[in-house]
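Peer 1: Spelled out, the chains give:
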Amino acid sequence: MTNFINWGGSRRHFLSHLAGAATWAASSSHFVSALRASAPRLQNEEKSAILLWMGGGPSTIDMWDLKPDAPTGGPFRPISTTGDIQICEHLPRLAQQMHRLSVIRSLSTREADHQRGLYYMKTGFVPNPSVQHPSYGAVVSHELAPTRENLAIPPFVSVGGGSVGAGFLGMSHAPFVVQSNGRVRNLQANADRESLARRMAALELIETQFARQNRGRGPLEHGQVLSKTWEFMTSQQMAAFRLDSESPAVRERYGNTGFGNGCLLARRLVEAGVPFVEVNFSGWDTHANNFTALENKLPEMDQAMSALVEDLAQRGRWEQTAVLWLGEFGRTPRINGNAGRDHWATAWSAVAGGAGIQGGTTVGSTNKDGTAVDSESYGAEDLMASILHALEVPLTTVHKSLSGRPMKIANGGQPIPGLFS
Amino acid sequence: MLGPAKPRRKFILVSATLSLVACTGWSVGNQFGFAAEIPKLVADIDAQFDAAWEEASVVPSKSATDGEWCRRLYLDLLGRIPTLEELQSFLATRSRDKRTNLVDRLLSEEYAEEFAEHWSMVWLNLLIGRDTNSGNRRWIDRDGLREYLQESFSANKPYDVLAEELITATGNNRPGEEEFNGAVNFLTGKLSDNAVDATVSTSRIFLGMRVECTQCHNHPFNDWKQSQFWQLNAYFRQARPLRRYREGELNSVYLMDEDFLGEGGNSPDDAEVYFEMRNGRLQVAYPVFVDGQALENHSGRISQVNRRQELAKLIVSSEYLSQAVVNRLWRHFLGRGFVTPVDDMGPHNPPVLPDIFASLNEAFVRQSYDLKFLMRTIVLGKPYSLSSIAHRRNAEDDPDTGSPPLFSRFYARPMDAEQLYASLLVATHADRAIQRSDRRDDAQRDWLARFTREFDSNDDQPPTVFEGTIPQTLMLMNGGLMRQATSLREGSFLYQVAKRNNLDAMEMIDRLYLAALARRATKPEKQIAEALYREHNGKMEKVLQDMWWAILNSNEFLFIH
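So the protein sequences, as listed, match chains A and B. If you read the first sequence in the working numbering, its first letter stands for residue 45, the second for the next number, and so on. If you read the second sequence in the working numbering, its first letter stands for residue 19, the second for the next number, and so on.
Be a bit skeptical, because a hint or two may be false.
[Stated by the list, open to error] Looking from chain A toward chain B, a few residues come up when the C-beta cut is under 8 Å (computed):
1. PRO198
2. ARG243
3. ASN258
4. PRO263
5. HIS266
6. VAL269
7. THR273
8. PHE276
9. MET282
10. ALA283
[Claimed, not checked] Short derived list, chain A residues pointing at chain B, Cβ under 7 Å:
11. ARG242
12. ALA246
13. LEU249
14. GLU251
15. ARG286
16. LEU287
17. PRO459
Think of the hints as simulated: they come from the structure by calculation, not from any bench. These figures come from a predicted structure and were not determined experimentally. Heads up, the beta-carbon is just placed ideally off N, CA and C, and yes, glycines get one too.
Using the sequences provided together with the hints, build the complete structure.
Peer 2: Structure follows, in structure tokens:
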């Protein structure tokens, strides 16, 4: 017996030893998809989105909308970029990518509590005890997964942390959580490949026998999940999770940090056809020593995010990939007694680019000291609608909550005009 | 704290009976003569089902096999599959009353501890959710509530008393602290944000009603008005959770009632709540129950009126209380309620089979809200005895396709995470290695937390739809628990089977099937075992490991059917 490269091979091998094989071999229709040789396919023409989530509420006034002349502007100086826009001096690499990215400076929201802000910014809806709304990733997964027939990886991957779940769109669109080093929990089987294939054959028999007994939808659906899991475990697409296959030079360029690895992993997953990847970077809740904290964090962010944008462009995926940099809210223009900034949702910024979103520009503006938006303001709904629009998801889409209530996609938000030419 | 007279009196009666129970081992039901009532009631309800099926031109499925029925009964009453010994002893019984006897046994003192443990988990998830990481966790002591529920279920506390205690509880939320009262944990985490969550949960759980949509606007589908939400909400505004610190750390939460001055601050004798209507105008609300009964005394002073106690009185004397729990329990055992979703009852969403639903409600109230009486009635009835296999004459009775449930077959549904974990332990003895019970608790908590991440109890979701995901499937296939389950180390279930030298190969395989699936292996399954036997060159342990892995990962194991 040689190595069994795939399930197909070992299954046939196993079946040949089976006296009664014929009685059940024909029955396993829902396993057939698992048997299909699934060659990895680059889906350049298909769109994806990457959400860079800055947990804790990043101080956007010190990064994307500096107020050097205001008494509360803080010590950071603005620098020029390749776009028509100035950003923080501690983001020099991103400054070289700003012709691809735009800053929305006119977000004005009402949720300044971490939980509520996170929920609202990730779903477009304010928390409501009666409905669990789906987050960005789940919505995109729901709309785009049907276009990725050969994708063995779950369509919504969350790197380095949890996320808001799939809500009423159901568990098959829930975030698949991996660590930023690409490690997937419980991927390693407790048996060698050959035994695993044998065990799967026995399982397939029990599974199909039961599913065919007319016991309703549930037992059948379990078989589908089993089949997807098997496909996932054995797929060549799993190579996308292996960061060590990248050269040291590339890994160095992303920074070899948690967020750096996450961004590199996001690029690899998007190239494998995953429609939505979220990369979590937390620690932005700078109530104390805001500026020292930022001096530490910004270089990590600068390096990873700039490498991601540059790589996506150089590898020909920029036009298909929307990138959104976002947190749950911004931080107060006022500097508190601990040299920190507190939660501020009234006026703050997000950054977006790729997939046809205009780069190098700003949308909206804030007043002299950054306390208020002095142009038209936008919320989570509009931001979400913009990303969905870039992914060519129709904004007329209406989902249904489990109790049958119609739910407009992105809560009825409309694309932010300044982001599209 | 003295509650309203009616339920209090009843509980004293029951408590007195319980001391008898402890001596005699008899169930409460026998003391009161419930046992005599149940067969008649069951026969009456069965007859109503027969009539309903005939009217719908539906022929019910065949009876479930003894094995299937026994397995589902253990899962639903105790939260786990039967052990091999328990199953075999049931299968070997010849008595005509064997099913009734098993129900009696599982509800008796013999299983009281397990029964209380299972039902306290079910109610814990319902009352405060599964999510142990939610933002309000610092206000809640899970173990405190669990302790309270365990005591309540092992005493078979009447349901109206349970409800009243949870709604009106005061005291410290943490076990071991002075004035400990675990029941307060139902509300301690729901009082911030003007007690909106307390209003929503109390009405969903105890009244089976959704009032939360009307928090912001009038209900689009039924007659609920925005003002009704805030009128109900006004009952909770005296409740105040106080944080208790010890050495600078939050130690516990003390829930009490204190004077509510009203949001206008005019006079505590006219303690009002304000809410914003959609048109931006402010409107005032005072306590009014969902049926329109208003609290005449508008005072917010505790010395004048305790609003939570007033609310509890209204709830326990309303018909909604029994309807909500009868429906919920029926769904627990049969997979679907008379009303779906279980927390959205009302004229806009009438029950299926209304007469049967009414009979059950009436009997439950007549028997003083005795939960074990209700459970016994449900599991001894015909719908619970049917096979989950549909046939030509009842194929259309399939709620998954949107048709109203007729219960002409048992709707197969996946175990919940707690049932699955407990069943894996029963089937594998995977916990025997862990000696200390607190470590066993930790292991359970850890496994459940990982398995149920992003997966909170959700009343909207019909439990018949499989919610498994790739991470969950991976965890079952490749996780530590499955590794333990398929190990041959001394003491494991597999070791016991493999080392019993008086069994032949097929008897060993049969033992696996009985232990996990409550049936013997089919012919094709035996053939596959034989083929494996040849593959492994006669090493039976290897065959057992492969088969055991396959059985425990199958839909047939993961489902209640």
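Peer 1: Could you run down the list of hints and mark each one as holding or not?
Peer 2: To see whether the hints hold, each was checked on the structure:
With a cut of 8 Å, the hint placing PRO198 of chain A at the interface with chain B holds, because the nearest CB-to-CB distance is about 6 Å. For the restraint placing ARG243 of chain A at the interface with chain B, the shortest Cβ-Cβ distance is roughly 5 Å, inside the 8 Å limit, so the hint holds. The criterion of a C-beta within 8 Å of any C-beta in chain B is met by ASN258 of chain A, whose closest approach is roughly 5 Å, and the hint holds. Interface hint status for PRO263 of chain A: upheld, as the beta-carbon distance to the closest one in chain B is roughly 4 Å, under 8 Å.
For HIS266 of chain A, the shortest C-beta to C-beta distance to chain B is roughly 4 Å, which falls under 8 Å, so the interface hint holds. Taken as an interface hint, VAL269 of chain A checks out: its beta carbon lies about 5 Å from the nearest beta carbon of chain B, inside 8 Å. Given the 8 Å rule on beta carbons, the hint for THR273 of chain A holds: about 4 Å separates it from the nearest Cβ of chain B. For PHE276 of chain A, the shortest C-beta to C-beta distance to chain B is roughly 6 Å, which falls under 8 Å, so the interface hint holds.
Taking 8 Å as the C-beta contact cut-off toward chain B, the hint placing MET282 of chain A at the interface is violated, the least distance being around 12 Å. For ALA283 of chain A, the suggested interface contact is broken, since its CB lies about 17 Å from the closest CB of chain B, more than 8 Å. Among the interface hints, the one on ARG242 of chain A holds; its C-beta lies about 6 Å from the nearest C-beta in chain B, closer than the 7 Å criterion. The beta carbon of ALA246 of chain A is positioned within 7 Å of a beta carbon in chain B (closest approach about 4 Å), and the interface hint is therefore held.
Here the hint on LEU249 of chain A is kept, as its CB sits about 6 Å from the closest CB of chain B, short of 7 Å. Annotation: GLU251 of chain A was flagged as interfacial toward chain B, and the flag holds, the nearest CB pair being 5 Å apart, inside 7 Å. A hinted interface residue such as ARG286 of chain A counts as satisfied when its beta carbon comes closer than 7 Å to some beta carbon of chain B; here the least separation is about 17 Å, so the hint is violated. With 7 Å as the threshold, the beta carbon of LEU287 of chain A stays out of range of chain B, its nearest partner Cβ sitting at about 20 Å, so the hint is violated.
Annotation: interface hint on PRO459 of chain A violated; nearest CB of chain B at approximately 26 Å, more than 7 Å.
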